[in-house]
Amino acid sequence: MASGSSGGGYADEKGPGAATMQALGLQQQHGGGGEVEEESSEMGEKTAARTRLSGLLWHGGSAYDAWFSCASNQVAQVLLTLPYSFAQLGMASGILFQLFYGLLGSWTAYLISILYLEYRTRKERDKVDFRNHVIQWFEVLDGLLGRHWRNVGLAFNCTFLLFGSVIQLIGCASNIYYINDHLDKRTWTYIFGACCATTVFIPSFHNYRIWSFLGLLMTTYTAWYIAVASLIHGQVEGVAHSGPTSIVLYFTGATNILYTFGGHAVTVEIMHAMWRPQKFKAIYLLATVYVLTLTLPSASAAYWAFGDALLTHSNALALLPRTPWRDAAVVLMLIHQFITFGFACTPLYFVWEKLVGLHGCPSLCKRAAARLPVVLPIWFLAIIFPFFGPINSAVGSLLVSFTVYIIPSLAYMVTFRSPQSRQNAVERPPRFAGGWTGAYVINSFVVAWVLVVGFGFGGWASITNFVHQVDTFGLFAKCYQCPPHPAAAALSPPGAIAPAPASMLPPFNSTAAGIFAAPVPSPAPAPAPMHFVLGHHHHHRHHRHGL
Numbered sequence: 001m002a003s004g005s006s007g008g009g010y011a012d013e014k015g016p017g018a019a020t021m022q023a024l025g026l027q028q029q030h031g032g033g034g035e036v037e038e039e040s041s042e043m044g045e046k047t048a049a050r051t052r053l054s055g056l057l058w059h060g061g062s063a064y065d066a067w068f069s070c071a072s073n074q075v076a077q078v079l080l081t082l083p084y085s086f087a088q089l090g091m092a093s094g095i096l097f098q099l100f101y102g103l104l105g106s107w108t109a110y111l112i113s114i115l116y117l118e119y120r121t122r123k124e125r126d127k128v129d130f131r132n133h134v135i136q137w138f139e140v141l142d143g144l145l146g147r148h149w150r151n152v153g154l155a156f157n158c159t160f161l162l163f164g165s166v167i168q169l170i171g172c173a174s175n176i177y178y179i180n181d182h183l184d185k186r187t188w189t190y191i192f193g194a195c196c197a198t199t200v201f202i203p204s205f206h207n208y209r210i211w212s213f214l215g216l217l218m219t220t221y222t223a224w225y226i227a228v229a230s231l232i233h234g235q236v237e238g239v240a241h242s243g244p245t246s247i248v249l250y251f252t253g254a255t256n257i258l259y260t261f262g263g264h265a266v267t268v269e270i271m272h273a274m275w276r277p278q279k280f281k282a283i284y285l286l287a288t289v290y291v292l293t294l295t296l297p298s299a300s301a302a303y304w305a306f307g308d309a310l311l312t313h314s315n316a317l318a319l320l321p322r323t324p325w326r327d328a329a330v331v332l333m334l335i336h337q338f339i340t341f342g343f344a345c346t347p348l349y350f351v352w353e354k355l356v357g358l359h360g361c362p363s364l365c366k367r368a369a370a371r372l373p374v375v376l377p378i379w380f381l382a383i384i385f386p387f388f389g390p391i392n393s394a395v396g397s398l399l400v401s402f403t404v405y406i407i408p409s410l411a412y413m414v415t416f417r418s419p420q421s422r423q424n425a426v427e428r429p430p431r432f433a434g435g436w437t438g439a440y441v442i443n444s445f446v447v448a449w450v451l452v453v454g455f456g457f458g459g460w461a462s463i464t465n466f467v468h469q470v471d472t473f474g475l476f477a478k479c480y481q482c483p484p485h486p487a488a489a490a491l492s493p494p495g496a497i498a499p500a501p502a503s504m505l506p507p508f509n510s511t512a513a514g515i516f517a518a519p520v521p522s523p524a525p526a527p528a529p530m531h532f533v534l535g536h537h538h539h540h541r542h543h544r545h546g547l
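Residues 1 to 547 in the working numbering are what the sequence shown spells out, letter by letter.
Keep in mind that the hints were calculated from the coordinates and are not lab data.
Just so you know, not all the hints are guaranteed correct.
Restricting the straight-line Cα-Cα distance to at most 25 Å, the calculated cross-link-like pairs of lysine-lysine (BS3-like) are [what the hints assert, rightly or not]:
(1) LYS127 / LYS279
(2) LYS354 / LYS366
(3) LYS127 / LYS354
(4) LYS279 / LYS123
(5) LYS123 / LYS354
(6) LYS123 / LYS281
As the structure is a prediction and not an experimental result, all values here were calculated from the model.
Construct all of the structure, not just a fragment, from the sequences and the given hints.
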């Protein structure tokens with residue numbers, strides 16, 4: 001099977017070793033003496049050792065690598081906002097939506113993998129060689145359905161990945177603030193924007209082997225830290241679990257979970273980096289099962305401990321007392337967000353390389369220099385919209401809903417609409433799904449549900465919340481949801497009124513009769529857990545809350 005890419009394919013797997021052996025053979029032919037043979041043998045051993053080490057850490061393409069990439073990419077900074085979503089949804093709805101969207105996301109990831117295999121198989125029958133080319137989702141749509149589908153897929157996919165990268169950058173600035181608040185979040189965004197720009201030097205998804213593994217370990221630690229620390233901390237005094245209180249908050253929380261399990265916009269690139277892409281079919285489902293073991297305990301425990309206080313703290317780390325364990329979680333999440341930034345940006349790098357004609361360039365330095373303009377708008381947008389939490393829901397409803405749910409489902413149904421295409425399909429629908437009829441029924445349900453609930457209600461709710469953040473904090477907010485600095489607070493005039501909490505919506509009537517209880521006014525901000533924490537820790541500046 002034809003393979004590969006710049007940085008990735010079957011043909012490249014044994015390339016370094018083969019080149020080394022060929023070089024040694026030429027030296028032995030022309031060198032002649034025993035000393036040359038001995039030096040060549042020693043050089044060959046060193047080169048072989050370096051090749052093995054490089055393959056172990058750098059050059060991946062197995063099913064395990066794909067699983068680590070999917071799981072690591074699926075849950076990053078969104079892990080910190082899921083307790084906030086539970087406060088908006090309530091415990092029961094939060095758990096049910098995670099399970100439901102986890103299954104929905106796994107199904108559409110499966111559809112994307114089938115369409116990729118169909119496209120690649122058809123092209124290889126026509127003797128197309130992908131050795132120096134990375135196949136992407138918009139090219140799959142182009143090859144199977146034509147340029148109009150390609151244009152729509154490209155627009156949604158690139159915009160989603162762009163804002164996905166923005167969210168990672170915002171998350172970096174939000175998290176580091178809990179360790180070092182001497183700099184405001186906007187300044188930290190400048191710093192981490194420069195750090196994340198170094199991902200231009202990572203050639204392709206083949207080269208994320210060690211990073212995916214480490215990223216998942218870091219997320220696992222952070223998730224279980226939040227769960228255990230919340231249980232040990234116990235419930236704050238007067239804790240209330242009043243969610244859901246309004247339809248706006250309810251659907252805002254639901255679309256954040258839709259975003260959580262919609263991370264398969266890079267599915268095609270991960271498959272293309274595999275040595276045997278046919279093995280991908282169940283990988284995303286297995287990754288989702290593992291991710292649920294992280295998201296459900298951490299979100300449930302944090303909501304149990306802090307309740308409605310999470311409505312004004314969209315980052316769960318803000319409510320946990322500062323300890324070495326929490327600092328470790330922050331640092332590990334920062335590293336993981338750097339990795340996830342690379343995951344989201346790499347497909348954008350590929351698109352840009354193809355646009356400027358450098359995708360097949362063998363020089364990594366030239367490609368890295370060409371990729372830098374992609375980082376600049378991400379950096380700029382992260383400074384304009386620093387609304388960590390609300391921006392997740394907006395991206396989920398407006399972009400994720402189409403990119404990874406609606407478009408793949410429709411594309412699958414249109415691709416296999418004729419009896420001949422179903423007869424010649426590379427992969428038929430599984431029997432447990434009901435064959436072709438069952439697949440079409442499931443896809444129709446996915447399209448209808450996500451279009452109405454995800455894009456419709458979710459879009460309305462998340463945009464309403466997002467606009468409220470802009471009205472409250474303005475664009476280019478210097479330090480979103482930051483508490484007053486002690487020095488500034490000391491200078492405040494007596495009786496000054498604190499600004500409204502960030503994530504609370506204005507008390508307009510948005511309660512839906514029949515779905516929720518009788519109209520309830522927007523909950524008053526729960527008392528910040530500062531006084532609970534200060535009882536156990538005397539360095540009050542370490543216990544800043546807010547995001």
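Legend entry - Satisfaction of hint between LYS123 and LYS279, Cα-Cα up to 25 Å: Roughly 19 Å separates the two Cα atoms, so the pair holds.
Legend entry - Given hint LYS279 paired with LYS127 - CA-CA distance at most 25 Å: Distance of about 23 Å is within 25 Å: holds.
Inset, instruction - For the pair we were handed, LYS354 and LYS366, check the Cα-Cα distance against 25 Å. - result: 13 Å, holds
Inset, instruction - Mind checking the alpha carbons of LYS123 and LYS281 for me, to see if they're no more than 25 Å apart? - result: Holds - the C-alpha atoms of LYS281 and LYS123 are around 20 Å apart, at most 25 Å.
Inset, instruction - With a cut-off of 25 Å on the C-alpha distance, tell me whether LYS123 and LYS354 pass. - result: 19 Å, holds
Inset, instruction - With a cut-off of 25 Å on the C-alpha distance, tell me whether LYS127 and LYS354 pass. - result: 21 Å, holds
The structure fails none of the hints (numbered hints given earlier).
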